[in-house]
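**Q** Sequence:
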Amino acid sequence: MRFSVLVADDEKMPREILRDRLPWEELGVERVDAASDGAEALELARQHRPDIIISDVKMPRMNGLELAGAVREMYPECQFIFLSGYTDKEYLKGAIKLRAASYVEKPIDLEEVAEVLRQVIAELKKSRRPDPALVFYRGEDGDLSTPGNGEVYVYDKAQFAALGNLIRHKRKAEAMDLAGSIYRDIRRCEGTRPEVVRNIYCQIVFALLSAAESRNITAVTAQGDYLLYTAAKQPTLRQLWQALTDGMQTYFQAVESNAQDLVTRVDGYLAAHLADSDFTVQAMASDLGFVHTYLCSAYKKNSGRTVNQKLTELRMERAKALLADPSRKLYEVAHAVGYADGKYFVKLFTKEVGIPPRLYRENLCCHEE
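Numbering (my numbering), first residue to last: 144 to 512.
Rather than coming from a laboratory, the hints here were simulated on the basis of the structure. There may be inaccurate statements among the hints.
Said to hold, decoys possible - Lysine to aspartate or glutamate pairs mimicking DMTMM-like chemistry, simulated, CA-CA at most 25 Å apart:
no., residue 1, residue 2
1, K490, E460
2, K486, D468
3, K463, D419
4, K249, D163
5, K443, E495
6, K249, E333
7, K494, D419
8, K300, D320
9, K268, E333
10, K313, E258
11, K490, D419
12, K249, E154
13, K201, E220
Every value quoted in this text rests on a predicted model; they were computed, and no experiment measured them.
Using the sequences and the hints given, assemble the complete structure.
**A** Shown next, in the form of structure tokens:
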């Protein structure tokens, strides 16, 4: 059994080292192509349909992850070995450490790459060898006496994009229904290779993890490796899909509980930082572990006001309390509630409270008398 490999790296030296100095014949590889970026690699993949692609993650025109997505739409069985010098996406590193793919950090260790290739090729050989003990479809009903129907599931890109949108927009019922529909369609197509189905499962998990990461839902992101490794070890389609629906249920339950928690955390952060004249919503989102746009949208949806409206409200309440002390100058009050410009503070206080701060203080003094 012979294999073909495509090497994609925008750096000339590692690309040529991988192409020329690995024991390809010993590994059973008869063809090795090389590309200097992701776009060139995609074109070569269309022409030669490689069994394995060794790709740098960070490349011009099309990065390694984009290349993997594009190639796997055409050839789901193509396996990827990623090379990278940066690891800031730890769940992504775990995601690609599946039984048929791996991740190698730069600088390149040829022995490590060769060993990874041996493992991937062994998996490819195993997947292409008829295995009478495989129970991925028929085993669900306990009946292995008759062959599968031979029908092959046709991947519908629009359908999976719709599922990703439903997950991102928290439309639980529709997302669960669509996932169930996809499962039933795949279940009817018993000629679909299990590794193709497992790849589809991983794509859905990636969508789930991406949505969970943007909302800082650690209950889901923390089990990212488990969800992805599940793709390789579940013996039946039903068990594989049960793992997926369990993950989706966890995600949607966490989304519901996180909504109010987010409001509480934002309010607490604003109260602690209302005197900070350099405050920005972007910095707060980063400190709290949320994507800026998601935090703003979720906060407004669940509290009925924007983050800046809430911050102004807290600052005005604090200013009122400080104005009760007649020894404090107006500019001191302004600085104490986060406004470096005293005139701007007076203008904003007048707008929000209805009267200027000096008059507000006079009214307080009159009431005390």
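**Q** The structure should be examined with respect to each hint, and the outcome stated for every one.
**A** Against the structure, the hints come out as follows:
1. K490 - E460: Given that 25 Å is the threshold and the Cα spacing comes to 15 Å, the pair holds.
2. K486 - D468: 20 Å, holds
3. K463 - D419: 17 Å, holds
4. K249 - D163: Judged against 25 Å, a Cα distance of about 18 Å means the pair holds.
5. K443 - E495: Distance ~19 Å between K443 and E495 Cα, so the pair holds.
6. K249 - E333: 41 Å, violated
7. K494 - D419: 21 Å, holds
8. K300 - D320: Holds, at about 17 Å.
9. K268 - E333: 21 Å, holds
10. K313 - E258: The hint is violated at about 42 Å.
11. K490 - D419: OK: K490 and D419 at ~19 Å, within 25 Å.
12. K249 - E154: 12 Å, holds
13. K201 - E220: Given pair K201, E220 holds - Cα atoms ~23 Å apart, limit 25 Å.
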